[in-house]
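Participant: Chain by chain, the residues:
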Amino acid sequence: MLMRISAAIGLLFLAAGVIPAVAHHGWSGYDATKEMTLTGTIKEAGYEHPHGHVRLEVPGKVWLVVLAPPTRMESRGLPAAKLRVGGKATVVGYPHRGNEDEMRAERITIDGATVELR
Amino acid sequence: MTPAGAGWTGWLEATAAATAMRQSLWLYPIVEILHIIGFVVLVGSAAMFDLRLLGLSRQLPVSGMEHHLLPWARVSVLLIVPTGGLMFVAHATAFAGNPAFRLKLLFLVLAALNAAVFHLRPFRRVAGWDRGAPAPLAARLAACLSLALWTSVIACGRLLAYF
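Sequences listed follow chains A and C, in order. Each residue of the first sequence is one higher than the last, beginning at 1183 in the numbering used here. Each residue of the second sequence is one higher than the last, beginning at 261 in the numbering used here.
None of these hints come from the bench; they were simulated from the model. Do not rely on the hints blindly, as some may be mistaken.
One side of the interface only, derived from the structure: several residues of chain C facing chain A at Cβ under 10 Å [what the hints assert, rightly or not]:
(1) 274
(2) 286
(3) 328
(4) 421
(5) 422
Label-pair distances were calculated between CB atoms; the ranges are [stated by the list, open to error]:
(6) C:267 / A:1244: 23 to 29 Å
(7) A:1257 / C:296: 19 to 25 Å
(8) A:1280 / C:271: 24 to 30 Å
Just so you know, these numbers come straight off a predicted model, no measurement behind them. Ideal Cβ placement from N, Cα and C applies to all residues, glycine included.
Could you build the full structure based on these sequences and the hints that come with them?
Facilitator: Here's what the structure looks like:
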C-alpha cells in the first residue's frame, strides 16, 4: 500500500518535473541589475489586463513601458484617467533582456505623485 | 499588451468580450478564479479516479467512483471552457503563437483521447475488477497517462504566462 502511494506520488512529481527549473515569477525577462529612469511623453496608454502599459517617448526613442495589473494601479491611486496621452511621466524600472525598446516599471511618477507598481 | 493582431486572432481580440476582458477592472481576475475552480474539480476527479485504478482504496468499487466523479468532471468543463475561451480571446494573437499554449492544447487533446479510450476499452469490463482486485494493465496505463497528461496541462497553463 505504502509502496503504491509512493509510486503514485513519485509519478506526479515526475510529470511535474518541468516546473522547478523555471523562475518563480514572470519578471525574469527583465534585467534587474540595470535600473534605469526615463522621463518622457505618454504616446499611448493601455489600462488593460493582465498588465497596463504606456508608450513613452524620450529623446530619440519610444519605450514600451510595462506597468502593473489595472486592479493594483487603481487601488494604489493610479486610475486610468491619470495615464493621459500627451502627459509627462517618469518611470523607474528594468530593461527587457531581449526587446530593446521594452522596460518594466517598478514605479511611475505622474504630476508629482509616485505610485509603486510592485 | 495592446493587441496588434491580424487575421482571425485579431478579429477575436476586437470582439466586445475580448475588450471587456482587457479593460473591465475585475472581469479578468474573476474569470481566472472560475477557470481555476473548474480545473481543480476536473483534474481532482481524474486524479482520484486514477489513483483508485493504480490500486489505492481497492475496497471502493471502481464503477461507484466513476458514477460519482464523472458527472462532476462533465459539469466542470462547462466552467472551464467558456472561461478559458474568454482569456484566450483577450490576447488571441499572443496565445496562438505561444509555445506553452500550443503544448497545452496538445496535452488536452491527448488527455481527452486517453479518457475516451479508457471508457471504450478496459472500463467496459469493469465488472471483473470492480472491487478488491487489481485493475488490468491497460487501465493502469491509462491512469498513469492521465496523471502525467493532466499535470502537464496545468504546468503548461501556468507556464504560458512566462513565454
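Participant: Would you mind marking each hint as holding or not holding in the structure?
Facilitator: Each hint, compared with the structure:
A hinted interface residue such as residue 274 (chain C) counts as satisfied when its beta carbon comes closer than 10 Å to some beta carbon of chain A; here the least separation is about 14 Å, so the hint is violated. With a cut of 10 Å, the hint placing residue 286 (chain C) at the interface with chain A holds, because the nearest CB-to-CB distance is about 7 Å. Checking residue 328 (chain C) against chain A: minimum C-beta separation of about 20 Å lies over 10 Å; hint violated. Interface restraint check: residue 421 (chain C) against chain A, minimum CB-CB distance 5 Å, threshold 10 Å, status holds.
Taken as an interface hint, residue 422 (chain C) checks out: its beta carbon lies about 5 Å from the nearest beta carbon of chain A, inside 10 Å. As the Cβ distance of residue 267 (chain C) to residue 1244 (chain A) is approximately 26 Å, the hint placing it in 23 to 29 Å holds. Taking 19 to 25 Å as the suggested C-beta distance range, the pair residue 1257 (chain A) and residue 296 (chain C) conforms, at roughly 22 Å. As the Cβ distance of residue 1280 (chain A) to residue 271 (chain C) is approximately 28 Å, the hint placing it in 24 to 30 Å holds.
Hints 1, 3, counting from the list given before, are not met by this structure.
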